[in-house]
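K.L.:
Protein sequences appear in the order of chains C and A. Last residue of the first sequence: 392 (my numbering), numbering continuous. Last residue of the second sequence: 392 (my numbering), numbering continuous.
Careful: at least some of the hints might be erroneous.
Note: identical chains are not told apart, hence a pair may lie in one copy or across any two.
What the hints assert, rightly or not - List of simulated lysine-lysine pairs, DSBU-like, C-alpha gap at most 35 angstroms:
{"no.": "1", "residue 1": "Lys-26", "residue 2": "Lys-59"}
{"no.": "2", "residue 1": "Lys-59", "residue 2": "Lys-346"}
{"no.": "3", "residue 1": "Lys-296", "residue 2": "Lys-54"}
{"no.": "4", "residue 1": "Lys-59", "residue 2": "Lys-296"}
{"no.": "5", "residue 1": "Lys-346", "residue 2": "Lys-323"}
{"no.": "6", "residue 1": "Lys-333", "residue 2": "Lys-54"}
{"no.": "7", "residue 1": "Lys-323", "residue 2": "Lys-59"}
{"no.": "8", "residue 1": "Lys-333", "residue 2": "Lys-59"}
{"no.": "9", "residue 1": "Lys-54", "residue 2": "Lys-346"}
{"no.": "10", "residue 1": "Lys-333", "residue 2": "Lys-296"}
{"no.": "11", "residue 1": "Lys-323", "residue 2": "Lys-333"}
Hints listed in this document are in silico derivations from the structure and should not be mistaken for laboratory results.
There are 2 protein chains.
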Amino acid sequence: MVKMANGGRRLRPAVDNLEGSLIRKVAETNIGRDDLIPLWFGEPDLPTPLYIKDAVVKAIADDHVFYAQNRGIPELREAIADYSENMIGRQIGVDRITASVSGMAAIMLTSEVLVDNGDNVVVVGPVWPNCKGTVFIMGGEARTAPLRADFSGQWHLDLDDIRSRCDGRTRAVFINSPGNPTGWIMEQEQQRELLEFTRERGIYLISDEVYIRLIYDRPRAPSFLDIAEPDDRVIVINSFSKTWSMTGWRLGWLTHPPDLGPDLSKLNEFNIASPTTFVQRAGVVAIREGESFVKEMVERYRCNRDLVFQRLESMGRVTLSKPEGAFYAFFKVDGMTDSVEYARKLIAETGVGLAPGRAFGEDGEGWLRLCFAAEANTLSAAMDRLDPMLS
Amino acid sequence: MVKMANGGRRLRPAVDNLEGSLIRKVAETNIGRDDLIPLWFGEPDLPTPLYIKDAVVKAIADDHVFYAQNRGIPELREAIADYSENMIGRQIGVDRITASVSGMAAIMLTSEVLVDNGDNVVVVGPVWPNCKGTVFIMGGEARTAPLRADFSGQWHLDLDDIRSRCDGRTRAVFINSPGNPTGWIMEQEQQRELLEFTRERGIYLISDEVYIRLIYDRPRAPSFLDIAEPDDRVIVINSFSKTWSMTGWRLGWLTHPPDLGPDLSKLNEFNIASPTTFVQRAGVVAIREGESFVKEMVERYRCNRDLVFQRLESMGRVTLSKPEGAFYAFFKVDGMTDSVEYARKLIAETGVGLAPGRAFGEDGEGWLRLCFAAEANTLSAAMDRLDPMLS
Numbered sequence: 002m003v004k005m006a007n008g009g010r011r012l013r014p015a016v017d018n019l020e021g022s023l024i025r026k027v028a029e030t031n032i033g034r035d036d037l038i039p040l041w042f043g044e045p046d047l048p049t050p051l052y053i054k055d056a057v058v059k060a061i062a063d064d065h066v067f068y069a070q071n072r073g074i075p076e077l078r079e080a081i082a083d084y085s086e087n088m089i090g091r092q093i094g095v096d097r098i099t100a101s102v103s104g105m106a107a108i109m110l111t112s113e114v115l116v117d118n119g120d121n122v123v124v125v126g127p128v129w130p131n132c133k134g135t136v137f138i139m140g141g142e143a144r145t146a147p148l149r150a151d152f153s154g155q156w157h158l159d160l161d162d163i164r165s166r167c168d169g170r171t172r173a174v175f176i177n178s179p180g181n182p183t184g185w186i187m188e189q190e191q192q193r194e195l196l197e198f199t200r201e202r203g204i205y206l207i208s209d210e211v212y213i214r215l216i217y218d219r220p221r222a223p224s225f226l227d228i229a230e231p232d233d234r235v236i237v238i239n240s241f242s243k244t245w246s247m248t249g250w251r252l253g254w255l256t257h258p259p260d261l262g263p264d265l266s267k268l269n270e271f272n273i274a275s276p277t278t279f280v281q282r283a284g285v286v287a288i289r290e291g292e293s294f295v296k297e298m299v300e301r302y303r304c305n306r307d308l309v310f311q312r313l314e315s316m317g318r319v320t321l322s323k324p325e326g327a328f329y330a331f332f333k334v335d336g337m338t339d340s341v342e343y344a345r346k347l348i349a350e351t352g353v354g355l356a357p358g359r360a361f362g363e364d365g366e367g368w369l370r371l372c373f374a375a376e377a378n379t380l381s382a383a384m385d386r387l388d389p390m391l392s
Numbered sequence: 002m003v004k005m006a007n008g009g010r011r012l013r014p015a016v017d018n019l020e021g022s023l024i025r026k027v028a029e030t031n032i033g034r035d036d037l038i039p040l041w042f043g044e045p046d047l048p049t050p051l052y053i054k055d056a057v058v059k060a061i062a063d064d065h066v067f068y069a070q071n072r073g074i075p076e077l078r079e080a081i082a083d084y085s086e087n088m089i090g091r092q093i094g095v096d097r098i099t100a101s102v103s104g105m106a107a108i109m110l111t112s113e114v115l116v117d118n119g120d121n122v123v124v125v126g127p128v129w130p131n132c133k134g135t136v137f138i139m140g141g142e143a144r145t146a147p148l149r150a151d152f153s154g155q156w157h158l159d160l161d162d163i164r165s166r167c168d169g170r171t172r173a174v175f176i177n178s179p180g181n182p183t184g185w186i187m188e189q190e191q192q193r194e195l196l197e198f199t200r201e202r203g204i205y206l207i208s209d210e211v212y213i214r215l216i217y218d219r220p221r222a223p224s225f226l227d228i229a230e231p232d233d234r235v236i237v238i239n240s241f242s243k244t245w246s247m248t249g250w251r252l253g254w255l256t257h258p259p260d261l262g263p264d265l266s267k268l269n270e271f272n273i274a275s276p277t278t279f280v281q282r283a284g285v286v287a288i289r290e291g292e293s294f295v296k297e298m299v300e301r302y303r304c305n306r307d308l309v310f311q312r313l314e315s316m317g318r319v320t321l322s323k324p325e326g327a328f329y330a331f332f333k334v335d336g337m338t339d340s341v342e343y344a345r346k347l348i349a350e351t352g353v354g355l356a357p358g359r360a361f362g363e364d365g366e367g368w369l370r371l372c373f374a375a376e377a378n379t380l381s382a383a384m385d386r387l388d389p390m391l392s
């Protein structure tokens, strides 16, 4: 063919080499199975609550169907700022809030702001792999600072593991707490110590706090917004997906130093223009009228967590600690060396769909993730099926 | 402050140097003026038609609120493929269709696929500047191949202007026809010649065809899909915004070689996961039941175009040709050397908001853009106000 004559590159090596989701790889060939209990994806099982659906229908009727401001409609940014101030108990100005078309998009924008070819970001993991994906797309390197599990299956971070991985090309440290898949919570004291380190280095701290409200021993997890000054190089990622059960709606936000606002505005313009206008209107209602919904949802997840923890703990080959945050049980299986193969085998033999630990980085190998945002009787049935293989 | 101690870079120079929209810069300080007639943005004035609003309300009621496939729900991709096949009269497989969260996002994905640090893209302009923005974000260079206006204000492309700007680091040529702001139509014969050139070079041809249905002398503009083979390095951008009056909805798509599908899937995952799920459902209905709406809309724009052309043509300082496509009158003003200043002056003295030609590149200097997607009596009033200054 003529077109291949000069054998030019087809596409960027960085994109060619991107690893797709191993969860999707395991799931794809099995979706649609009759007896499947799918607990592999990180998604609430219940649809968005009615008060939010009503709000979006009203916004559409009111013709909120035109272009919106790049950083989001003022009403949404104000609602987010108010919510943050109530939650944190400190002033968080609207000039620090930029809406994005999901938490995922917020992370991509962050990498676009920070990561030049050859730069690196130190990512604490096992962790949802998508942060690393955005760094790769920008031509950067993602280095893992490992969480380490103790004998009881609880995860811990040694800050020296971060320090030792930073060099002159390090642009940021990426933290996800409460953590997906580990449920790890970074406590405020350690946050302080890390913030001091990133300040000294002059690098950014990216804190993915999308699970901040999904926590079982207090109203919310510690936030870097508790301790950071407005001008600190701290970018906090949040999303409507988990807290208000709005995964398919695509709405999130960044809290950032005020001087990044104009840059994020331009980047939203060139990436997506702005999130869907009527979805933003619904977001205002979701956040302003959502507290009772959030409380009920967390109570439901707490019961699910207790059920799943009790059952898994009793299985002989399983090591796990009680998840403190997020909605995952992340557990080690004695003797399992290939989590992708094992997840496939579990589906074939039990019809229970779990996510392989390796999907979250090499430090996740040997582990499996189960999402307990499901009906209790579904979770019980899954436990009954898993028991013979894991005991 | 401690955090600045080592004086590290704040953010990427590529982002720091991004130029924001000059249209927004002119508009921002004037939005909200009492007597304003805003014709500066490229947006239909009428809200989305009812049949699409009904469809999205139904999709929400039916709980289409969860995550969707990265490349879009199968029903949407099939509807787009069917629409393309009907329009083009050739087979366009579903494996060549990827949904995106707007035409803008589709262009950003394309730059992520193609543009490495130091690469370049040759962009035919004056043109909506956002394509160049995506190239800059990826660390690339955007080179303009100029359209040239003849004495009557009609724009022409000399392919040698493209050829002479391509070098070993050129990854793609970017064409927007029907063109924003020029209304320029690239005819099929010239498309063939350009496709031959990009085939020989082994580079990509990116064709932004979001205005393909907004054309006044035939049912649609020529498309590169008319002449490209499936495996050609051709990526066609399209969007729901203009054709179905859905600007604020954020939905678009790419038509691409089948082998790019898995890469675009990964890139959607790491950029936005997928477009809003219920918006995709509405997109299926928009495209399958939208022909009568599109025809009515084009007829309305045709009347507006004739009105605006007739009035502007009669003003002594104005040079323009009759717009053949898109919904803009792009006209030269005799003696105007700074279109940004002049657009500001026009607003101050007449209350009519136009876009400065320089917003579309240096080749646009000396020109102004007026969007005629508005009520006829509004356009008449604008003409009455502009007449004293432009005659």
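K.L.:
Next step is simple, just say for each hint if it's right about the structure.
P.N.:
Structure-based check of all given hints:
no. : hint                 : in the structure
1   : Lys-26 with Lys-59   : between (39 angstroms within a copy, 32 angstroms between copies)
2   : Lys-59 with Lys-346  : neither (47 angstroms within a copy, 39 angstroms between copies)
3   : Lys-296 with Lys-54  : both (19 angstroms within a copy, 32 angstroms between copies)
4   : Lys-59 with Lys-296  : both (25 angstroms within a copy, 28 angstroms between copies)
5   : Lys-346 with Lys-323 : within (25 angstroms within a copy, 66 angstroms between copies)
6   : Lys-333 with Lys-54  : neither (39 angstroms within a copy, 48 angstroms between copies)
7   : Lys-323 with Lys-59  : neither (42 angstroms within a copy, 41 angstroms between copies)
8   : Lys-333 with Lys-59  : neither (47 angstroms within a copy, 43 angstroms between copies)
9   : Lys-54 with Lys-346  : neither (39 angstroms within a copy, 45 angstroms between copies)
10  : Lys-333 with Lys-296 : within (30 angstroms within a copy, 61 angstroms between copies)
11  : Lys-323 with Lys-333 : within (13 angstroms within a copy, 70 angstroms between copies)
Going down the numbered hints, you'll see the structure goes against 2, 6, 7, 8 and 9, while the others check out.
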